[in-house]
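Line by line, the protein sequences are chains A and B.
According to our numbering, the residues represented by the first sequence are 51 to 253, in order.
According to our numbering, the residues represented by the second sequence are 9 to 519, in order.
FYI, nobody ran anything at the bench for these hints, they're computed from the structure.
It should be emphasised that the depicted structure is a prediction, and the values quoted were computed from it without experimental measurement.
Beta carbons are placed, not taken as given, at the ideal position from N, Cα and C, and that holds for glycine.
Treat each hint with caution, since some may be false.
To be verified - Selected chain B positions facing chain A (Cβ under 7 Å, derived; list incomplete):
| # | residue |
| --- | --- |
| 1 | 19 |
| 2 | 20 |
| 3 | 22 |
| 4 | 25 |
| 5 | 51 |
| 6 | 58 |
| 7 | 61 |
| 8 | 63 |
| 9 | 66 |
| 10 | 70 |
| 11 | 78 |
As the list claims (entries may be wrong) - A few chain A residues facing chain B, derived, Cβ under 10 Å:
| # | residue |
| --- | --- |
| 12 | 77 |
| 13 | 84 |
| 14 | 97 |
| 15 | 107 |
| 16 | 117 |
| 17 | 153 |
| 18 | 244 |
Claimed, not checked - Residues from chain B that keep clear of chain A, each with C-beta distances beyond 10 Å, as calculated:
| # | residue |
| --- | --- |
| 19 | 15 |
| 20 | 28 |
| 21 | 71 |
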Amino acid sequence: MPKPRIAGQFAEVPDENLVAKFNDGSREAFVELVHRYQGRIVNFIYRTLGDFERSEELAQESFLRAFRKADSFDSKYRFSTWLYTIARNLASNELRDRSRRPVPYAIEDEDWASAGQSYVDVKSSTGADPAHVLLNKEMKEALEKALEQLTGDHRMALILKEYDGLTYGEIAEILDTSAGTVKSWVYRAKREIYRILKEKGVI
Amino acid sequence: MACQDIQEDAQAYLDNELSPSRRAQVEGHLAKCQECRRTVDELKVVSAALSAWSDGKVTNSFKLGLDVRLAVGEEESAAEKVDQRRAGPNLIPAAERKTLPSFSHWFSRQWKPLVAAAMVFVALTAVAMVFHGGAATKSVIRSTGDVIGAFTSQADGGMVADASALANVVSKKAIKAQPLDFAKVAQSDVLYAFLVSAGSQGQDDASKKLINLLATRSDSRDTTPAASVASILRVPEGLFMSQACAAEIVRDPLFAARQYELQGRLKEAMATYAGVTDGAARARAKVAIGALRLRFGDYAGAQTLLEEASHDSDRRISLMASELLNEAASARDAAGKLAKERSGALATAEQWNKIALLEVEAYDFKNAANSFMKAAGAAGGDLADLARDARFRSAWCDIQAGQISTGVYGFRSMAPTSGKPTSLEYAAGIEQAVGMARVGQFQESATLCRQLTALSAPSRSMEALAYFQQGTVELNALKDPTRAAESLGRVASAGQGSLSYAAEVLLDSAH
Chain A
51 MPKPRIAGQF AEVPDENLVA KFNDGSREAF VELVHRYQGR IVNFIYRTLG DFERSEELAQ
111 ESFLRAFRKA DSFDSKYRFS TWLYTIARNL ASNELRDRSR RPVPYAIEDE DWASAGQSYV
171 DVKSSTGADP AHVLLNKEMK EALEKALEQL TGDHRMALIL KEYDGLTYGE IAEILDTSAG
231 TVKSWVYRAK REIYRILKEK GVI
Chain B
9 MACQDIQEDA QAYLDNELSP SRRAQVEGHL AKCQECRRTV DELKVVSAAL SAWSDGKVTN
69 SFKLGLDVRL AVGEEESAAE KVDQRRAGPN LIPAAERKTL PSFSHWFSRQ WKPLVAAAMV
129 FVALTAVAMV FHGGAATKSV IRSTGDVIGA FTSQADGGMV ADASALANVV SKKAIKAQPL
189 DFAKVAQSDV LYAFLVSAGS QGQDDASKKL INLLATRSDS RDTTPAASVA SILRVPEGLF
249 MSQACAAEIV RDPLFAARQY ELQGRLKEAM ATYAGVTDGA ARARAKVAIG ALRLRFGDYA
309 GAQTLLEEAS HDSDRRISLM ASELLNEAAS ARDAAGKLAK ERSGALATAE QWNKIALLEV
369 EAYDFKNAAN SFMKAAGAAG GDLADLARDA RFRSAWCDIQ AGQISTGVYG FRSMAPTSGK
429 PTSLEYAAGI EQAVGMARVG QFQESATLCR QLTALSAPSR SMEALAYFQQ GTVELNALKD
489 PTRAAESLGR VASAGQGSLS YAAEVLLDSA H
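Make a model of the complete structure from these sequences and hints.
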């Protein structure tokens, strides 16, 4: 069982060095990696699947696989990309299974920001000022609907860009495609979401 | 430049992913093209909408579950390396493995929770064997042995109690289910009885054979019992996790207290817990007393102890205590609100039922038993189903609150009266038999099971449960291997998943 984490012990150590330390026998190094990425991985899967409980399970599985396969990690790659790739594979498998037994996509209420907090100062020529993006039930439902309609790849590309702030190149590695394709997926995903939000009358 | 080209790059522009020259081109175009500016603005609107969805917070259950799963992974890796050096990659002959059903297929059947709890038990029992000189066993039980790593490398007898606590948690979940899941309650409680009985009888032979059987049914790394148990550990209920983690204890000084608890002798359990002085065990005992106080409806007393324990330096203890307290507190608040809403007016059956379910959630079984009875009493003819379920739940809560005789009596009032009982009636009969065995009424328990199996059972699985309960009592308590062989033989031939396997193994030991 892991010992309590010593705060700051590895604070400045790059991910890839932590993997090397872990492979040399430092369990604490892996605990630090978990600490760094647990929130990101859980939320990446959650936003992909729309199911928080399941996302925690798959995030655990992602870390477990990384734990088991750490000795095969190639340090010329980034650890984050490698870990996201594991998570992406698990999420994709889950989506594939779900295509056979559909599960509703749902954003949990408590994860929904309270009204007004996400104001973005954009003066829009469309009149759709983001300040008027209504953070209400209708918006939440419309967004759920919109995300549900995206393909798995489009949804993941969008999430990795929008929430995780990865570059197109990093996303391309994770989704096993080209940066150009990622650019196109993110663009199309956002256009599609816009279309649905407009159609639902929430923007 | 064509607008189409620009629009394709509009998102990349916002994401700052364009080369400087391309960026300049796009900016130049945007300055004079309203249509493309509109596109950019629309993309910004979508970003604003998406940003309203904040990050979900990683739960304590996630952290605990990950700890346990990593511990499993660590043990597996270590065991695998040793095994590969010593004995090659696989100890089970390939031909034999091919003839057996895959573990995952077997596991995915309706018995999943029971199987998992049984395997926890098996694993924990195995610990004692492995670490008490069973070198020959270790090579055979390789895959099952891995499970052990999840919990401990130095465990002792107390593990059975923790394994049964798992079965109890499954049962509690089934009692809260809407609609009430009679069959699952009966399954869990029969398993619970089996674990207590086998544990107290020191069924090493039976356990060993069961372990070997499980090992031969594990035909790949991903479908080992270890992986399956770990998959159960992912169930994101705080207490479930805590109970699993509690199984990690070394030479458990809490064992005697746990035994009392299992027998419904809650006050003796509490006194024994209170007498524990050993450092780490003291903190666990504090949590256990807190949990018992909740059962007695003494929330304030529980709160003090659990709050203390929640500051314990052992992260597991502190998490266990805070999980318990949070779960109890939130359910209690909800129950309180509900009670306030109905102040002044007489509560309806549905309201009492809701309050009772929240009390179950809060581990306040004593009050829950009363509230369910009030729900049953307030239910009119059009709410017959609610009344029936409430009576079943009330009897179950009585047993949890240590009032076993009252609970058994409650189940008796629902027991089958005709030759064709309903599922509820049959399940109530099984519950009654289990309750009797818990307070040492073994003969009565076996007789009742015989009466049940003489009836036309609502399903084969329910019938198998009755035979299993009967067989384990006959074998372990009544020391009647002939009768036990007959009862367990019927379970084994019924092909009811894990229960059949367990019956086969017990059958061998009966011979």
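Kindly indicate which numbered hints from before are broken by the structure, ordering the numbers from low to high. 3, 17, 19 and 21
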